[in-house]
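Student: Spelled out from the first residue to the last, the chains are:
2 protein chains.
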Amino acid sequence: MAKKYSEIHDIVYYQCDTNGTLTLPTLLNIIIKTSSAQSDALNRGSDYVASFGLAWVITQYDIAITRLPSSGETVTVTTQATSYNKFFCYRNFWVHDEAGNECVFIKSTFVLMNIENRKMSSVIEDIIAPYESEKVKRIERGEKIQPVENGRSQDYRVRFLDIDGNKHVNNSKYLDWMTDVLGFDFLTTHTPERVLIKFDKEVEYGEIVDSIWSLKKQDSRPAVSCHQIKVNDTICAEATIFWQTKNE
Amino acid sequence: MAKKYSEIHDIVYYQCDTNGTLTLPTLLNIIIKTSSAQSDALNRGSDYVASFGLAWVITQYDIAITRLPSSGETVTVTTQATSYNKFFCYRNFWVHDEAGNECVFIKSTFVLMNIENRKMSSVIEDIIAPYESEKVKRIERGEKIQPVENGRSQDYRVRFLDIDGNKHVNNSKYLDWMTDVLGFDFLTTHTPERVLIKFDKEVEYGEIVDSIWSLKKQDSRPAVSCHQIKVNDTICAEATIFWQTKNE
Numbered sequence: 001m002a003k004k005y006s007e008i009h010d011i012v013y014y015q016c017d018t019n020g021t022l023t024l025p026t027l028l029n030i031i032i033k034t035s036s037a038q039s040d041a042l043n044r045g046s047d048y049v050a051s052f053g054l055a056w057v058i059t060q061y062d063i064a065i066t067r068l069p070s071s072g073e074t075v076t077v078t079t080q081a082t083s084y085n086k087f088f089c090y091r092n093f094w095v096h097d098e099a100g101n102e103c104v105f106i107k108s109t110f111v112l113m114n115i116e117n118r119k120m121s122s123v124i125e126d127i128i129a130p131y132e133s134e135k136v137k138r139i140e141r142g143e144k145i146q147p148v149e150n151g152r153s154q155d156y157r158v159r160f161l162d163i164d165g166n167k168h169v170n171n172s173k174y175l176d177w178m179t180d181v182l183g184f185d186f187l188t189t190h191t192p193e194r195v196l197i198k199f200d201k202e203v204e205y206g207e208i209v210d211s212i213w214s215l216k217k218q219d220s221r222p223a224v225s226c227h228q229i230k231v232n233d234t235i236c237a238e239a240t241i242f243w244q245t246k247n248e
Numbered sequence: 001m002a003k004k005y006s007e008i009h010d011i012v013y014y015q016c017d018t019n020g021t022l023t024l025p026t027l028l029n030i031i032i033k034t035s036s037a038q039s040d041a042l043n044r045g046s047d048y049v050a051s052f053g054l055a056w057v058i059t060q061y062d063i064a065i066t067r068l069p070s071s072g073e074t075v076t077v078t079t080q081a082t083s084y085n086k087f088f089c090y091r092n093f094w095v096h097d098e099a100g101n102e103c104v105f106i107k108s109t110f111v112l113m114n115i116e117n118r119k120m121s122s123v124i125e126d127i128i129a130p131y132e133s134e135k136v137k138r139i140e141r142g143e144k145i146q147p148v149e150n151g152r153s154q155d156y157r158v159r160f161l162d163i164d165g166n167k168h169v170n171n172s173k174y175l176d177w178m179t180d181v182l183g184f185d186f187l188t189t190h191t192p193e194r195v196l197i198k199f200d201k202e203v204e205y206g207e208i209v210d211s212i213w214s215l216k217k218q219d220s221r222p223a224v225s226c227h228q229i230k231v232n233d234t235i236c237a238e239a240t241i242f243w244q245t246k247n248e
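In the order they appear, the protein sequences are chains P and Y.
If you count the first sequence from 1, position 70 lands on 70 in the UniProt record's numbering, and the numbers rise without skipping.
If you count the second sequence from 1, position 146 lands on 146 in the UniProt record's numbering, and the numbers rise without skipping.
No lab work stands behind these hints: they were computed from the structure.
Please note that the accuracy of each hint is not assured.
It does not matter which identical chain is used: a pair holds within one copy or between any two.
Subject to a maximum C-alpha distance of 35 Å in a straight line, what follows is the list of computed DSBU-like cross-link-like pairs (lysine-lysine) [claimed, not checked]: (1) Lys246 - Lys119; (2) Lys201 - Lys86; (3) Lys217 - Lys4; (4) Lys167 - Lys217; (5) Lys144 - Lys198; (6) Lys216 - Lys3; (7) Lys201 - Lys107; (8) Lys135 - Lys216.
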């Protein structure tokens, strides 16, 4: 059984949107802080990984949301690097509220990238060993991201505060561009129940991205939104977001 | 002597820019969290103020920066509502590092606004009393904001995640629009030493703002930038930022 690691986090007003609940970009920032802290605690921090000429890159998230925590709440974020195969490492995250109820459960896929040529590396045992993840043969495909149909488009210029090191956009930013297009009326009457997101290509400082989306009903759900982030017609990220009507 | 109130804050990577230091918008978010916490501790939180039909609004900041804290540091934020007159309340903030060195000192001006008609109210003794601020006659004018000369302009659309309650843009966002225009090369080779910012008019969801700026040398300083945020030719905020060359 792979090691688990937990951190306490206070949800502050500036991490919440006009609904008073945690924003999706900040949710991703908070969980990644916890996995970084686990890596540091196991002496496998980013400097150690960089000593192999490598860096961790997240390729996809499957985010199941029971409810988004509100401003003023204290949550516990738990992470576990459950399993890995030749190229992919699978890590789970849980967000629990003070009563111990699960608010969010996230499955994620990490790969090691060569810092020089930005290509995927095979997993290195020395980097992964302390997490005590299970070695597996199978590659988890995850639920398929639904295509955008007759999409509308809105452009966004990559800003200075959108990038982290290396002039690349932080993964969490894509969900800002993807949800923003849905507008105030939609975003104050709906809440995300599940988010499938896949990162295909890095976006750089100064680029103009097209945030393309379509919206439909599906099964009993009031709304499913399909998203692509493109730069010059190249897909950089794709997502499907399943929405519920917000309870007031 | 007015009461002081302090909070500890961990500076996390996602609160920092590509330089690895705290962003100006997050600096403002963190200090306001501390003044809100003081108000809550004194039973003068936003609900109490709202019971008078009022809300606090910040009209200006004078931010003196010795150094911006880095990712991984733990800082102490201290605040003190020093004095007030008929309409204006003056509040100071300090950010100290773990060694007790002052990183940032901020003077701010708060006013009470009528929530219904969005007009300024006179200060109500019952709201202000527990802070033990000194009652003064004088109105602090603060250092004058320098005009933009032959300014260039870049437009920004107000996004869903830019607004807090009431569909208004959070004050901290203006510094994102103001600094972003200066570009990657400038922002990775310069660091702000002093920021004077004045908020004149609220910006709302969906509006397009023009971020107008000019850049000059002044005295021994390598760069002084002058800024305006306008919506349809109305000035919503103005700032002067004094920059130093960044030490690598």
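Student: Now tell me if each hint is right for this structure.
Tutor: Tested hints:
Proximity of Lys246 and Lys119 under a CA criterion of 35 Å is satisfied inter-copy only: 32 Å between copies versus 41 Å inside one chain copy. For the identical chains of this complex, Lys201 and Lys86 are intra-copy neighbours only, at 21 Å inside a copy versus 56 Å across copies, given an alpha-carbon limit of 35 Å. In this assembly of identical chains, Lys217 and Lys4 lie within 35 Å of each other by CA distance neither inside one copy nor across copies; the values are 38 Å within and 54 Å between. Taking the closest pair of Cα atoms, Lys167 and Lys217 come within 35 Å of each other only across two copies (27 Å); inside a single copy the shortest separation is 38 Å, beyond that limit.
When the C-alpha separation of Lys144 and Lys198 is checked against a cutoff of 35 Å, the pair qualifies only within one copy, where the shortest distance is 10 Å, while the shortest distance between copies is 49 Å. For a Cα distance limit of 35 Å, the shortest separation of Lys216 from Lys3 qualifies neither inside one copy, at 40 Å, nor across copies, at 55 Å. Taking CA atoms no more than 35 Å apart as the test, Lys201 paired with Lys107 passes inside one copy only; the shortest distance there is 20 Å, against 44 Å between copies. In this assembly of identical chains, Lys135 and Lys216 lie within 35 Å of each other by CA distance neither inside one copy nor across copies; the values are 39 Å within and 59 Å between.
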